[in-house]
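A.B. asks: Line by line, the protein sequences give chains B and L. Quick note: the first sequence uses the UniProt record's numbering, first residue 1, plus one each step. Quick note: the second sequence uses the UniProt record's numbering, first residue 1, plus one each step.
Rather than coming from a laboratory, the hints here were simulated on the basis of the structure. Because the structure is a prediction, the values reported are computed rather than measured. C-beta: ideal position from N, C-alpha, C; glycine also.
If you anchor each label on the Cβ, the simulated ranges turn out as follows:
hint : chain 1 : residue 1 : chain 2 : residue 2 : range
1    : B       : Arg82     : L       : His393    : 17 to 23 Å
2    : B       : Ala226    : L       : Asn302    : 51 to 57 Å
3    : L       : Ala349    : B       : Tyr17     : 51 to 57 Å
4    : B       : Thr16     : L       : Ile386    : 39 to 45 Å
5    : B       : Arg195    : L       : Ile381    : 50 to 56 Å
6    : L       : Met3      : B       : Arg82     : 18 to 24 Å
7    : B       : Ala102    : L       : Ile386    : 28 to 34 Å
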Amino acid sequence: MTASPPLISLQSVGRTYRTDGVAVTAVRNVSFDIAQGEIVAVMGPSGSGKSTLMNMIGLLDLPSEGAVYLEGADVADLSEDRRSSLRARSIGFVFQSYNLLARHDAIENVALPLVYCGIGRRERLARAEASLQAVGMLHRAHHFPRQLSGGEQQRVAIARALIASPLIVLADEPTGALDSRTGAEILALFAALNRTGQTIVMITHDPGIAAQCRRTIHLHDGELVADETPAPALPKRSAAP
Amino acid sequence: MTMLQGFQIALHALRLNPLRSFLTMLGIVIGVASIVTVFAIGSGAQLRLQEQIRSIGANVLMITPGAVYQGGVRLKDGSKLTMTESDVQAILEQIPEVQAAAGSIAGTAQVIHEGKNWNTTINGTTTGHFMVRDWQLATGRYFSGTEEAGAGKVVILGSTVARELFAPGDDPIGAQIRIMKVPLEVVGVLDRKGPAQDDVAFVPLATAKLRFLGSASNINRDSVAYIIAKVAGDGQMAGSRSEIENLLRQRHRVPAGQEDDFKVQDPAAAMEAQQGAIRTVALLLVAIASVSLLVGGISIMNVMIVSVTERTREIGIRRALGGRMRDIRLQFLCEALVLCLLGGAIGVAGGVTLSMTVARMAGWVTSIDGQAIGLALAFSIATGLIFGFYPAHKASKLSPIEALKTE
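Only chain L is shown next, with the shape it has when bound in the complex (with noise of 0.2 Å):
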């Protein structure tokens, strides 16, 4: 008997009764399902942080404002600007591992053009953010030194602001867009860096501060929300960041034991660190799902030892009309591996579908890869292998003889 005619008895057996194959299966696919359902979430989520490391740009360091003590009280991080122009300039002029620097202000407002409007972050800043952000135009230019100095009234478009302000033959370049009211002319559209970070309009640092958020400015015309830093090489990070520590020190007059008032990050190692942590949960699911799969595969054994002794005189009839011993094992191990393949194929399915339905309502971004799948698929085969030999060894056990007398 060949594997073939192994899988066609199989199949015949199972077909006969429907429900029961199906509850017997159904450990596998709960299993099989919850397995592709954990990877396609972690993998997800993975992916939009690594989306995200990408985004910020490689060798980044990222310079937020720290605790601020007031009267002896202590402020929430970031409550006060403490972060100026100048010292932007400093780290530019005093270290030589910064490659590149910009301070930025940002703020929300409706960008309006023509008939459409969207609700967007504006950000201030100079034509530095997009060096330390390795972000490339699509059309257009940077802001020129003028317009930086001068508060020039221009503006460069994230690739989503372009797309809802504009149809899609529309050139946006020297348009005329309109931010609180303020007419400004579309000079560059970045390139697409992805959905998180393509929804922003970038307006000319002085430009920000004189029209939209420099109001209310906390302290100084000068200060800025953060700076971002680009490092050259890979391994001075470390000892740029202590730089950069000291020079702020110094340059804040913060007193020797006393808590900065900012903070340096590592943006990517941050991340990068959240992303194993992400790893971790996700394997540990997974472990936690593969139970559901021995669960489904013991399940699997005792039906099919129930149903050998069932089917104790077929399998005297198969015997006596000439099936070898191993044509009865292979016989009810393709039975096991059938309904443990079967059982696979729909939990693949219902994790694909459950996973889609988790983004759609959660707004979970989730990846399927083939590798969970064929991992999951991998594990139903070797369940079945596991648990469809005992009953699958018994049955080719039995005396042909003894087999035939019973009922």
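Just chain B, same shape as in the assembly (with noise of 0.2 Å):
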């Protein structure tokens, strides 16, 4: 470990809910860093806890036991504005049903999260330009997500996860809703972001897609059961699939 603080960090984290007197954990005891500039999936099958680890991950939600650190923060510490702020600044979520709001165009909502950062619309929509052109979507930049394809809306929502600069980029399934040659397009579009040093971390129950990434946390139950990085000469392989 370099002597700064890994980007994330878990340490112990447990998640229990508890509904109508009924405690159900869904996370127990995980522990694992990631570093910047990783690239990271997080697999196993539905209910493993793979989308309440992403929850904390993103400061959607707080863990009930250990702790979840951000940049060497306790995110515990953080009051929900600041988590709040903090995921506009510093998460970039992609979302399995792509989760564009119907009633704004693409470059709207690529740039929506800049209005939760303070930030004047002329700026706003001049990034929300870049960060479409990033994913060659700016020739749509105009048109309402029902007017896009499945893999067209995506890219879009990577362009919005984008546009702040985020520290790291939290994509659930990803490829989930896609068919399995636009699916590898977006893989693709991640590898490449991966590539400019952008920190991914990925939700996945597919095999195929978490093999394309450097590093693969499995989950079983709630509980880690492996966290794999293969070797150095792997991701070469992956990268021309």
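Dock the two chains into a complex; use the hints.
C.D. replies: See the structure below:
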């Protein structure tokens, strides 16, 4: 480990939900670090606690045991407002179902996180254009989500995740709703982003996708069962699938 | 997120469903429109009364004929002219607080000048009339003593009559007009006093009796239809009034215990009382109109609650992308405010149109003042804040994780 703290650090993290008096443990005793520039796949069958883990890394949820550190700071110490602001500036979410606002066109969707960073409209739109350009969607800037294909919508969503230059992009089954060819294109886009130094955490249940990431964390029943970092030769092979 | 961004987002959201937005704000529109209209009509009526009060003049008492008994039958008030010119003289001489007084008889007639003619009130009186009412001349002069005594064929025109009979450039002074075939010389034109007051032509009392109105005079050549008297000083109205009453009772030989054959009134005081009544009715109507604002506010709250439920996923997305709870609250509060403000603005426009229509069709005087409009808009902003707060608060409290799971 270097002297500077890891980007993300989970230490003995557990999350228990209590609904109608019944306690359900979604995640228990999970510890791992994610360093700047990594691309990590979090794998596991449904119900294994992947989404809960992602919510905690994404500051949408707090652990009930253990602690999540973002750049060395315990996120539980941050106020709700501060965590919201950090989501706007430091976290880029990509969802399986894209989650674009249906009533706004692509460029407005991409610019949305900047509204919550207090950035003026002119700059928002300029940066949204650049971000759309980066994912090859500038020609669709004024299309509404319903006018775009699934792959195009996911590209717009990735542009939105990138716009505030986040510390980390969190992708929850980003190819889950796409056909295999479009999915491969989206994965290639993630790989290309990672080569520019973007830290990416991708949740998936597809071993084929996990295989393309340099590191895979396996979850089962809320517990970490394996944290594999393949030989350094592997990413070179996977870069040209 | 700033307030401005909140309003931009709100406007965008409301534009997507214009019919629904309009129906939502309809309650506010109707409430504000009725408040503005009621205010306009109410203050118009007050203005009209104020004008009448002003036109009578300050500290003026009006003496009119009262009940008259003829063989035990009580006749209608004013059916007999019980007041006389010598009553006027007596009031002037014996009551020191009275500065000026004048008797009048009046009727309507056609006035003719060359090709033009006009139907107006002919008021036979003395120069004292103008003193009592503080009524200045625009041009010319009042009646001379000789004209008053000798039934001179002269006339003083109210500004409306002068305007109707003479072209704008013409000088009416010295011109001949005819009333009931009698040629009269215009010696003066009066200042404007108000639309209802300016439509009149004054002739000397003697002239009116001799030439126009006196022929069928009910009692004698001395009688007048009413007397007006000006009292010096504000505090002396009540005292002078009873002095006049005593004097006239004596002069008319009214036995003790019998009803007076005259009435002394303080028209300004009566009108002020009337004004108070108008104000009360207007306030009552505004209170009723406010109920529709309340109903409008409830309808906005209802639609906003539905809207928050419908847009749960949007709220989740905004929260995940960095929207703070207060940003979400501001967004929905802005929507409620925009609905109310827009509804308020439409309501003001509707109210102004409505009161102008009423003014034209019913001939009422209406007056739209900025204060009423400001008040109505302030009410609608308050409605937006009060009824928008709960839905906005509800939206901000949604858990982003749960919100993102909903379809």
